[in-house]
Amino acid sequence: MFRPKTMCSVKIAGLLKDKEKIMHLLQKEGKVQPKEISIKISEKENIEKINSKLLLSVTNNLKKIDAITSAIKPQGLFEKYLQAPKKENFLGLDDSSFDLWAQIQIDKLLKKTNSEKQEIEHLKKRIKNTKKKLAILNLLKSQDIPLWDLSKQKRFLIGTAKTENTNLHYLSSLGYVCKIREPKKIKTTSTHVFFIIKKEHHQNALTRLSEIDLFSEAAFNTKPKQAIALLSRKLKENIKALEQRKNALKSLEKERGFLLAVEEKYKNIKERLSSESHMLKTHDVFFLEFWIAKDDIQKIEAIKNLCVLKKTIAKDAPTKLENPPIVRPFESLTRMFALPKYTEFDPTPIIAITFPIFFGIMLTDIAYGFLLFAIFTSIWIKTHNNSLKDFAEIMVLSAISTIFFGFVFGSFFGDFITLGSLMNTYTQPIKIMAFSLLIGFFHINLGLFLKLKEKRDIADTAALIGIELGVFGFMMAYLNVFSGVLVYASFIIFTSSVLFKLRKGYIGFMEMTSFFSSWVSYVRLMALAVATGWLAFAVNLGASFVSAGTGIFAVFVFLVGHAFSFMLNFFSAFVHALRLHYIEFFSQFYEGGGYEFEPLKEEKKFHI
Amino acid sequence: MAIDVGLGLLAVGAGLAVGLAALGSGTGQGRAAAAAVGATAEDPKMFGKGLVLAGLVETQALYGLVVALILISLGFGMIVL
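Chains as they are written, first to last, in my numbering: chain H, 1 to 608; chain A, 609 to 689.
Next comes chain H alone, as it looks inside the complex (with noise of 0.2 Å):
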């Protein structure tokens, strides 16, 4: 806790017909990450990256299982979060095995899946164009045209299209199109036609019709009553066929389970293949170095019988966070600012406690506390994603907390129940303020207490804290507590303000009042409890002025109201929870920049 695990770096050669068995046991492990060999040997002409065929059949299949997927209608949120599917079993088949029964599996379902896609695309196609013919034979119904007794003439061509009304005199003049709908905007840039042609005018008429559509030869036999008839059933038919191919691409989703236990397993033969990268061989021996934190090098034992391993405490390492399960939630929180360098202090069990403190004190309402605490409870029960349950996690630490200051500060949905408390919000925002600065005062000092503790800028650090005790010496004197204090205020201040001028120059003196104005910046904790509070406070009211109606109507303001302010109020919790962490307090001491240690491992979700 307090700092990254301590890595060791580590170097094996082994003989090549061992090397599967040994990568085999490092992933299973999930405890080494590969890294760049640091062997110098002369002779690289003997030296081979290793390369696989597999690696490149696997990367294939994966693309295959995406473009499955992705056919396949995508799963919501929470079906997605909150289902996980029945494990498959891939026991006894090896890696090449697996691949060639997998690769079969694949391409039975890309197939079936792109047939299906295909003829979906084809009849939403069909569909289309006669819900268009239909439109524009519906204009022609009340004319009793019989247009099969003029196809049968053979010596003319009859058909309807949209064109547009820049074609309309020039078509007018041909003598064979009648208009069938005038514009009736000015707007209009379009009119439908209805046009006979003779067979010997037709290609001159053609060119000028532009987005021509004519009619099927259905069409053409009949009167358009009875091709409406005719296209309608069409339509109808197309419409049901559709509906069973998109069933039918839905009872693909039943293989879900099974392409995503595949996907899964190939991702783990990808990820080993992958890291064999940093290897090199020989014609018998290959040799391979890794990052191990220190504690885990007993877990490795089995592959000292195969190879030949040598050890040394690394000076610079990935950053592997090492923190107690109820702490290891608010690492991503840490993660999202930057995760700290592999030497460096990790702040992620500060933020455990006081990220839930701050989130409590600004949502500050015993009722959302137990909505927030139900709501992610429930989630933190049903899903199976790490980060979900993480975020879960911090949230129903936050609810406790929130739960908490409620009843400090009395708020029970706003003002909806009286309760008695330490601090009203409403009545006594004064005295959160103080309450807030003091909390401000502790976190930021704590801060500066981390800085003089890694042994950054120590005479900064030193003239801050002298700056502080100068002002908190004037705020004596200023109370009457202690005047004496004065000069030996006035003189620290003095000496401070001097020790940054010689350190920074003029520019030194900004940190005086950066560092001020951070402190300040906790007045937020207090400004955003007590907006909670007057937002509660004006849906109780909205409700109020409704129940002279009928009290229906008041519960849905109160409903809709409040569930309005608690979701405003949360994420405004949130993101200047995460702020005063973030700006305020990391500034006085943390730097990060360090790198993930990612090892290779394993992932077993989904199958066996």
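Some hints could be false.
[Stated by the list, open to error] In silico DSSO-like links for lysine-lysine, alpha-carbon gap of 30 Å or less:
1) A/Lys653 with H/Lys63
2) A/Lys653 with H/Lys382
3) A/Lys653 with H/Lys604
4) H/Lys455 with H/Lys341
5) A/Lys653 with H/Lys504
6) A/Lys653 with H/Lys267
7) H/Lys86 with H/Lys389
8) A/Lys653 with H/Lys389
9) H/Lys5 with A/Lys653
10) H/Lys35 with A/Lys653
Bear in mind the hints are in silico, worked out from the structure with no lab data behind them.
Based on these hints, arrange chain A on the given structure of chain H.
Below, chain A alone, put in the same frame as chain H:
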């Protein structure tokens, strides 16, 4: 009903403190959030920093609210320490 002009001006001042601060803060937050969305689209790892940078601008509105609360507390005798 007797109207205290001083209290009225104080209420107007409190309103202006919140309103003007929120106006500036809102304009700035819109720009910051737009830039943060762009940065996150290019690199999803920027989400955390983008969120905080967008929230950073909200500070001025909160300060406006604090000033208004202090004014109202002073004027209407709501200070209970």
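Tested hints:
Restraint check for A/Lys653 and H/Lys63: the C-alpha separation of about 24 Å stays at or below 30 Å, so the hint holds. Among the hinted pairs, A/Lys653 with H/Lys382 is consistent with the structure: their alpha-carbon atoms are about 27 Å apart, no more than 30 Å. For the suggested pair A/Lys653 and H/Lys604, the alpha carbons sit about 26 Å apart, so the restraint of at most 30 Å is met. Straight-line distance between C-alpha atoms of H/Lys455 and H/Lys341 comes to about 15 Å, which keeps the hinted pair within the 30 Å bound.
For a cut-off of 30 Å, the pair hint linking A/Lys653 to H/Lys504 is broken: about 34 Å separates their Cα positions. Among the hinted pairs, A/Lys653 with H/Lys267 is consistent with the structure: their alpha-carbon atoms are about 22 Å apart, no more than 30 Å. Of the pairs offered as hints, the one joining H/Lys86 and H/Lys389 holds, with about 20 Å between alpha carbons and a cut-off of 30 Å not exceeded. Straight-line distance between C-alpha atoms of A/Lys653 and H/Lys389 comes to about 19 Å, which keeps the hinted pair within the 30 Å bound.
Of the supplied pair hints, the one linking H/Lys5 and A/Lys653 holds, its CA atoms being roughly 24 Å apart against a limit of 30 Å. A distance of roughly 23 Å separates the Cα atoms of H/Lys35 and A/Lys653; the hinted pair therefore holds under the 30 Å criterion.
In this structure, the one hint that does not hold is number 5.
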